[in-house]
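J.: Below are the chains, spelled out letter by letter.
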Amino acid sequence: MTDEELMLAVSKGDQSAYQTLVSQHLNAISHYAFRLLGNRKDTEDICQEVFLKLWTNASKWQPEKAKLTTWLHRITHNLCIDYLRKHGRTHTSDTLDIGAAEHLLETPQSDEQNESIAIDEKQRVNHAISLLPETQRSALMLCHYAGFSNKEAAAIMNVSVKALESSIARARRSLRTQLESRDLHSTAMKPASGEINSEEKAETIG
Amino acid sequence: MNIDAFTQILETYGAVEANWPEESRAACRQLTATSEEAQQLLRQFMLLEQSLDALDPPHFPGLETRILHQALPPQQLSLSDRLINWLIPKSGSPLSLWRPTLAACLPLVFGILVGNLTDLGAAQDSSEYQYWDDELIMLSFNDYSDSEYLP
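Taken in sequence, the protein lines are chains A and B.
The letter at position 65 of the first sequence is residue 64 when you use numbering that gives the first Met the number 0, and the numbering goes up by one with no holes.
The letter at position 46 of the second sequence is residue 45 when you use numbering that gives the first Met the number 0, and the numbering goes up by one with no holes.
This is chain A alone, in the form it adopts within the complex (with noise of 0.2 Å):
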């Protein structure tokens, strides 16, 4: 089934095609929230309630105008923004590092000292992003990790194209000053391998 036939059936109720909707766009929405806010707990929330929106206002979405993917984005991002201001947070520096200690905990380390390297390789490009203000950070993750145009990321903020541009430019040029100057000093700064210890790692993934 497309998204219009599923979309008109949620619309009439049927809330099998409401599952369908659910699986299909949760792993994206989840992603492009998680970027935003950096946060699993408020990330869950935020999710919920996009879902919820999908089910009330489902009449609402005109296949004409945009994708649906591009739809519950849009949703995301203002259920985002909104919760970022409300929170007076505009970056996630604290708390975005989730993903890569709960990778160190899944994956069976065969060469340790490897893996160590590539977890705090992973931390510090986090790290770097979660520093960016909201609105580079929000063009970069629709950019480059959900795949959109320019046209549809600027869209989903409700910018122009040119403004969208502006903002991915000074996203990229900011990431790659951080990460060099980190580089320069990578070697003083470098933690000794494994050292997020064990109570950090159960605090992180909560």
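Derived by calculation from the structure, the hints in this document are not laboratory data.
We put the beta carbon where it would ideally sit given N, CA and C, even for glycine.
Just to be clear, a hint being listed does not mean it is correct.
What the hints assert, rightly or not - Estimated spans, in silico, between C-beta atoms of each pair: (1) N84(B) <-> Q18(A): 22 to 28 Å; (2) E3(A) <-> R65(B): 22 to 28 Å; (3) E4(A) <-> I2(B): 18 to 24 Å; (4) P88(B) <-> G146(A): 44 to 50 Å; (5) N157(A) <-> Q74(B): 51 to 57 Å; (6) E3(A) <-> P88(B): 26 to 32 Å.
As the list claims (entries may be wrong) - Partial list, derived from the structure: chain A residues whose beta carbon lies under 8 Å from chain B: (7) Q18; (8) T19; (9) F33; (10) E43; (11) Q47; (12) K85; (13) R175.
Using the hints, position chain B against chain A.
T.: Showing chain B alone in chain A's frame:
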């Protein structure tokens, strides 16, 4: 194409050539073929892309189940759907027939109102009425016993 313009393209569209604007691709390719600085810049951006790609997507075990098990509120219907639902309620009770009946009567009521309130363009000149009234009065005074009117 100079190195600044190339940097701008890399920052805006990334290191994947397919994402660059079509009109600039050839110039970018030419610059990377000739300039070592451009090659180094491209390598740096490719490394950045690789670092971004290497990040693991987060997993949310149980979230799908939680979403599917949350109580769903009533849906917001469009205006046309709400109108149809009001006109033809799903209860099926014979009493609910008054709504479609009322809807069917609306054009009739509308027609009567329009007919009473307007002349729909068929304006009558009052002096013309007066002329006909006079004619009728004159005819009533006529003596029809005259032989001219007899067969």
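J.: Compare the structure with each hint and give your call.
T.: Now the hints, each set against the structure:
1. One distance hint, 22 to 28 Å for the beta-carbon pair N84(B) and Q18(A), holds here, with the actual separation near 24 Å.
2. Against the hinted window of 22 to 28 Å, the Cβ-Cβ separation of E3(A) and R65(B) comes to about 27 Å, which satisfies the hint.
3. The beta-carbon spacing between E4(A) and I2(B), approximately 51 Å, falls outside the hinted interval of 18 to 24 Å.
4. Take P88(B) and G146(A): their Cβ atoms lie about 45 Å apart, and the range 44 to 50 Å holds.
5. With their beta carbons about 25 Å apart, N157(A) and Q74(B) fall outside the hinted range of 51 to 57 Å.
6. For the pair E3(A) and P88(B), the supplied restraint of 26 to 32 Å holds, since their beta-carbon distance comes to about 28 Å.
7. At its closest, the beta carbon of Q18(A) sits 6 Å from a beta carbon of chain B; the interface hint therefore holds under the 8 Å criterion.
8. Because the smallest distance between the Cβ of T19(A) and any Cβ of chain B comes to about 11 Å, over 8 Å, the interface hint for this residue is violated.
9. The beta carbon of F33(A) comes within 5 Å of a beta carbon in chain B, closer than 8 Å, and the hint placing it at the interface holds.
10. Given the 8 Å rule on beta carbons, the hint for E43(A) holds: about 6 Å separates it from the nearest Cβ of chain B.
11. Because the smallest distance between the Cβ of Q47(A) and any Cβ of chain B comes to about 6 Å, under 8 Å, the interface hint for this residue holds.
12. Against a cut-off of 8 Å between C-beta atoms, the interface hint on K85(A) is violated, since the closest Cβ of chain B lies about 21 Å away.
13. Interface restraint check: R175(A) against chain B, minimum CB-CB distance 6 Å, threshold 8 Å, status holds.
Violated hints for the displayed structure, listed by number in ascending order: 3, 5, 8, 12.
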